[in-house]
Amino acid sequence: MRTRRKRLLLVLVGVAGLVLATALVLNAFRDNLVFFHTPSDIRAAVVPLDRSVRIGGLVEDGSVRREADGVTVYFRVTDTVVAVPVVYHGILPSLFREGQGVVATGRLQDDGVFRASQVMARHDETYMPPEAFEAIEQAQREQARTLLPEGR
Amino acid sequence: MAERGVQWFRFAAPARFYGLAGRLVPWLAGVAMLLFAFGVYLGLAVAPPDYQQGDSYRILYIHVPAAWMSMFLYLLMAAYAVIGLVWRIKVAQAMARAVAPTGALFTVLALWTGALWGKPTWGVFWVWDARLTSELILLFLYLGYMALHAAIDDRRRADDASALLALVGVVNVPIIYFSVRWWNTLHQGASIRVTEAPTMATIMFVTLLVMTLACWLYASAVILARARIEVLEREHHSAWAQAVLEKPE
Chain A
1 MRTRRKRLLL
11 VLVGVAGLVL
21 ATALVLNAFR
31 DNLVFFHTPS
41 DIRAAVVPLD
51 RSVRIGGLVE
61 DGSVRREADG
71 VTVYFRVTDT
81 VVAVPVVYHG
91 ILPSLFREGQ
101 GVVATGRLQD
111 DGVFRASQVM
121 ARHDETYMPP
131 EAFEAIEQAQ
141 REQARTLLPE
151 GR
Chain B
1001 MAERGVQWFR
1011 FAAPARFYGL
1021 AGRLVPWLAG
1031 VAMLLFAFGV
1041 YLGLAVAPPD
1051 YQQGDSYRIL
1061 YIHVPAAWMS
1071 MFLYLLMAAY
1081 AVIGLVWRIK
1091 VAQAMARAVA
1101 PTGALFTVLA
1111 LWTGALWGKP
1121 TWGVFWVWDA
1131 RLTSELILLF
1141 LYLGYMALHA
1151 AIDDRRRADD
1161 ASALLALVGV
1171 VNVPIIYFSV
1181 RWWNTLHQGA
1191 SIRVTEAPTM
1201 ATIMFVTLLV
1211 MTLACWLYAS
1221 AVILARARIE
1231 VLEREHHSAW
1241 AQAVLEKPE
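So the protein lines, in turn, are chains A and B.
According to the numbering used here, the first sequence is numbered sequentially starting from 1.
According to the numbering used here, the second sequence is numbered sequentially starting from 1001.
Watch out, some of these pointers could steer you wrong.
Covered, in the sense of this in silico footprint (three residues per stretch, anywhere, with C-beta under 8 angstroms from a C-beta of chain B), are these stretches of chain A [stated by the list, open to error]:
#: 1; stretch: 9-21
#: 2; stretch: 86-95
#: 3; stretch: 121-127
Residues from chain B that face chain A, not an exhaustive set, calculated with beta carbons under 10 angstroms [unchecked claim]:
#: 4; residue: Tyr1051
#: 5; residue: Gln1053
#: 6; residue: Tyr1057
#: 7; residue: Val1168
#: 8; residue: Thr1185
#: 9; residue: Ala1190
#: 10; residue: Thr1195
#: 11; residue: Thr1199
#: 12; residue: Ala1201
Worth flagging that the hints you see were computed from the coordinates, not collected in a lab.
Owing to the predicted nature of the structure, the values given are computational and were not obtained by experimental measurement.
No residue lacks a Cβ here, since even glycine has one placed at the ideal position from N, Cα and C.
Using the sequences provided together with the hints, build the complete structure.
Take a look at the structure:
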C-alpha cells in the first residue's frame, strides 16, 4: 500500500512538473509558434523583412484585380484595421475569393507591396448547405432594406 | 483490502476480463459496422454539400472522428499505463499496450484525410502549423510507445518504461486540442465545443455523431480483442489460460 501511494505521488509530481515546464516553454516560444502574421504586425514592423514570412487575413472586398496574363493577381489582405497590398503570380486555390481568409507566404518589398510566392485559402469552422447560406444572405439584405429608410 | 475493495476490481481479474471481452467483441464490432454503413450513407447521400467547399467538406465525416479518437485514445492509453504503473493491475497494462496501434491508426487517418482535404481547400497538402505539427508528434508518440515496448524483452520493465513515455506525451493532447485557439493556424477552429452550439447544420452534425460513435465502437472492439490476446499471452502459465489454450472456443 505504501509503495503504491509513493508511486502515485511520484507520477503526480512528475506530471505536474512536466505540465509546468511545457507551459513555460510554450509561453517562451509564443511568438515563434504563430503560423502567420497579421497586416497590423506588418505595419507595426514587428515582422522581419529580410526573410520570407506569412501574412494572414481576409481578402479585402473589391481589391482583387487580375492582370491580362490571367495568372498575376493583385489584392489586399486586411485584418479589418490595416490592409497590405499583395501581388501573386500563380494558381490560386479554388476557395480564394473576396472576403475569404487567406494566408500568403512571401516577402515584403521596399515599396510596401507583399510579393507572395504561395497563397493558401483558409476556411472557417462554419458548415452549412448552400440554401441555408442563401437564406441568411436574403435575410440580411431584407434587414438592410428595412433599416435604411429609418436611418435617413 | 481485497474483501473491502470495490467490486469492479473483480473484472480486472484476467480470467474474467478474457471471458467478458470475448463476449463483447462481436457485438461491438457488429454494431460498429452497421453504424459505419449508416454514417457513410448519411455523409455521402443525405447530407447537403457545404456552401463554400462543395462536396470536398465530406472528408470531415472521417477526418474529425479520426482526430477525436486519436486524442481520446492517447488519454485512455496513458490512463491505463498509469493504473498499470501504480497499482500493477495486469489487465490495465495489457489494455495500455492494446490501445496504441488503434490510436496510431486513427492518427494516421486524421493526418492522411487532413492532407486530402487540405489540398482542395487550402491549396496545400501539408503546412507546419501548430495543429498539424502537434498531431504529427502524437503519431510519433504512439509509434515511440510501441517501439519502446517492443524493444525491451522483460515485460515488466517494458510496461514501466513505456508507461512513463505515454505519461510524458500526455501534455501534447491539450496542445493539439487548443492549438487553434492559442495560436494563428491555417487549420480552422473547432466547430463543435462542449459549451456552445455547433457551427454546422444539424444533419451534418448528426452524421458526424454517427460516424464518431461508429469509430468509438470499432476502437472498443479491436482494442478489447487485442487486449484479450495480450492477457492470454501474459497469463499463459496460469490454470485458466492453460484451460483456454487446450480447449479453444
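How the hints compare with the structure:
no.	hint	in the structure
1	9-21	holds (count 5)
2	86-95	holds (count 4)
3	121-127	holds (count 7)
4	Tyr1051	4 angstroms, holds
5	Gln1053	6 angstroms, holds
6	Tyr1057	6 angstroms, holds
7	Val1168	6 angstroms, holds
8	Thr1185	5 angstroms, holds
9	Ala1190	6 angstroms, holds
10	Thr1195	14 angstroms, violated
11	Thr1199	5 angstroms, holds
12	Ala1201	5 angstroms, holds
In terms of the numbered hints stated before, the structure departs from hint 10 and from no other.
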